[in-house]
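*Asks:* In case you want the letters, here they are:
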Amino acid sequence: MAVCVAVIAKENYPLYIRSIPTENELKFHYMVHTSLDVVDEKISAMGKALVDQRELYLGLLYPTEDYKVYGYVTNSKVKFVMVVDSSNTALRDNEIRSMFRKLHNSYTDVMCNPFYNPGDRIQSSRAFDSMVTSMMIQVC
Amino acid sequence: MADAALFEFLHTEMVAELGAHHSDPGPGGQKMSLSVLEGMGFRVGQALGERLPQETLAFREELDILKFLCRDLWVAVFQKQMDSLRTNHQGTYVLQDNSFPLLIRMASGLQYLEEAPKFLAFTCGLLRGTLCILGIKSLVTASVASLPTCKFQVVIQKT
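Just so you know, the sequences run in chain order A and B.
Taking our numbering, the leading residue of the first sequence gets 1, the next gets one more, and so forth.
Taking our numbering, the leading residue of the second sequence gets 1, the next gets one more, and so forth.
Isolated chain A (complex conformation):
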């Protein structure tokens, strides 16, 4: 279960960012911002290495004492960043990958919505919101 989910545009500004718990949001915003450097590093490393397969899933970006940060980049250079609670060790790589796939599918649906202008903040899409809610921890 994620603690914070962020969608970052190609030009590195946030299209959507949501975290739980809702107090101390700034800490998560800061964490996502610093993880962008790591994402850029991984993308440029992928370009230089002569790897046959270029993956969209970037894997664990960096761990902190409480949280782990995972990244994913789409073909349109839109980045998804997910912050997960470290204490929840039951989460495996496959589950993170499937969460990112769901995010990618929902993001593609938002893009195809004719009422959405590419580059705007994602604020009126209820389907996207409910998908993100389903991925986050239930905090009473």
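A portion of the hints provided could be inaccurate.
Simulated pairs of lysine-lysine, BS3-like, Cα-Cα distance not exceeding 25 Å [stated by the list, open to error]:
(1) A:Lys42 / A:Lys77
(2) A:Lys10 / B:Lys67
(3) A:Lys10 / A:Lys27
(4) B:Lys158 / A:Lys10
(5) A:Lys102 / A:Lys10
(6) B:Lys67 / B:Lys151
(7) B:Lys158 / A:Lys77
(8) A:Lys77 / B:Lys137
(9) B:Lys118 / B:Lys80
(10) A:Lys42 / A:Lys10
(11) B:Lys31 / B:Lys137
(12) A:Lys77 / A:Lys102
(13) A:Lys10 / B:Lys137
(14) A:Lys68 / A:Lys102
(15) B:Lys151 / B:Lys80
(16) B:Lys137 / A:Lys42
(17) B:Lys137 / B:Lys67
(18) A:Lys42 / A:Lys27
(19) B:Lys137 / B:Lys151
(20) A:Lys77 / B:Lys67
(21) B:Lys151 / B:Lys31
A few chain B residues that face chain A, going by a derived Cβ cut-off under 7 Å, partial list only [unchecked claim]:
(22) Gln46
(23) Ala47
(24) Glu50
(25) Arg51
(26) Pro53
(27) Ile133
(28) Gly135
I should point out that these hints are in silico values taken from the structure, not numbers from a laboratory.
Here a beta-carbon is modelled for each residue, glycine too, at the ideal position from N, C-alpha and C.
Got chain A sorted already, so can you dock chain B onto it with the hints?
*Replies:* Frame of chain A, contents of chain B only:
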């Protein structure tokens, strides 16, 4: 499949509708409806550029993206692949389609040559939109020498 026919009819109506209502029947008015059509194609291209490469891995270079346009995008929209792709290796690509589905119903030869550009505006926008979302700023123009063969010229803008 019915999808192809639906898109063709919708496209024909779009061109007819946008071409009929401009208040200034001179070249200025026609240019506006062409740019509206191109704009529509651009937005659709952006959405397709997000949805179609979803399962494929990241593109390694410009030529890969152009090949994706010629194969996957063309198959998804027109149920056939582009017939030829040429480049001068300096940022200009020419994509040639020998039997473009939106023109093939009209004529075969030189008839309707002046009307043909209206039917290509949407597709130019489509190409430009898909390239834009994949990170390439470009300028796309189309030219018809004889129906239904048409060429799309993509010029990459270096910023």
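*Asks:* With reference to the structure, classify each hint as holding or not holding.
*Replies:* Now the hints, each set against the structure:
Between the alpha carbons of A:Lys42 and A:Lys77 the distance comes to roughly 12 Å, so the proposed pair stays at or under 25 Å and holds. A hinted pair counts as satisfied when its Cα atoms are at most 25 Å apart, and A:Lys10 with B:Lys67 qualifies at roughly 22 Å. A distance of roughly 23 Å separates the Cα atoms of A:Lys10 and A:Lys27; the hinted pair therefore holds under the 25 Å criterion. Distance restraint check for B:Lys158 and A:Lys10: the Cα-Cα separation of roughly 18 Å lies within the 25 Å cut-off, and the hinted pair is therefore satisfied.
Straight-line distance between C-alpha atoms of A:Lys102 and A:Lys10 comes to about 20 Å, which keeps the hinted pair within the 25 Å bound. At most 25 Å may separate the alpha-carbon atoms for a hinted pair to count; B:Lys67 and B:Lys151 meet this at roughly 15 Å. With a CA separation close to 18 Å, the supplied pair B:Lys158 and A:Lys77 stays within the 25 Å bound. Distance restraint check for A:Lys77 and B:Lys137: the Cα-Cα separation of roughly 14 Å lies within the 25 Å cut-off, and the hinted pair is therefore satisfied.
With a C-alpha separation of about 21 Å, the suggested pair B:Lys118 and B:Lys80 falls inside the 25 Å cut-off, and the hint holds. Under the criterion of a C-alpha separation no larger than 25 Å, the hint pairing A:Lys42 with A:Lys10 is consistent with the structure, at around 15 Å. Of the supplied pair hints, the one linking B:Lys31 and B:Lys137 holds, its CA atoms being roughly 22 Å apart against a limit of 25 Å. As the CA atoms of A:Lys77 and A:Lys102 are separated by approximately 17 Å, the hinted pair is consistent with the 25 Å bound.
Restraint check for A:Lys10 and B:Lys137: satisfied, since their Cα atoms lie roughly 13 Å apart, inside the 25 Å limit. Annotation: proposed proximity of A:Lys68 to A:Lys102 holds, straight-line Cα distance about 19 Å (limit 25 Å). A C-alpha spacing of about 15 Å is found between B:Lys151 and B:Lys80, which places the hinted pair at or below 25 Å, so the restraint holds. Distance check on the hinted pair: B:Lys137 and A:Lys42 sit about 24 Å apart at the alpha-carbon level, within 25 Å; holds.
About 16 Å separates the Cα atoms of B:Lys137 and B:Lys67, which keeps this hinted pair within 25 Å; it holds. Our distance criterion of 25 Å between C-alpha atoms is met by A:Lys42 and A:Lys27, whose separation comes to about 23 Å. Only pairs whose Cα atoms come within 25 Å are accepted, and B:Lys137 paired with B:Lys151 is accepted, the gap being roughly 19 Å. Taking the CA atoms of A:Lys77 and B:Lys67, the gap is near 19 Å; set against the 25 Å cutoff, the hint holds.
Straight-line distance between C-alpha atoms of B:Lys151 and B:Lys31 comes to about 20 Å, which keeps the hinted pair within the 25 Å bound. A cut of 7 Å between beta carbons decides the hint on B:Gln46: the least distance to chain A is about 5 Å, and the hint holds. At a threshold of 7 Å, the smallest CB-CB gap from B:Ala47 to chain A is about 4 Å, leaving the interface hint in force. Proximity of B:Glu50 to chain A holds as hinted, the smallest CB-CB distance being about 4 Å (cut-off 7 Å).
A distance limit of 7 Å between C-beta atoms decides the matter here; for B:Arg51 the minimum to chain A is near 5 Å, and the interface restraint holds. Given the 7 Å rule on beta carbons, the hint for B:Pro53 holds: about 4 Å separates it from the nearest Cβ of chain A. A hinted interface residue such as B:Ile133 counts as satisfied when its beta carbon comes closer than 7 Å to some beta carbon of chain A; here the least separation is about 5 Å, so the hint holds. Interface hint at B:Gly135: satisfied, since its Cβ lies 6 Å from the closest Cβ of chain A, which is below the 7 Å cut-off.
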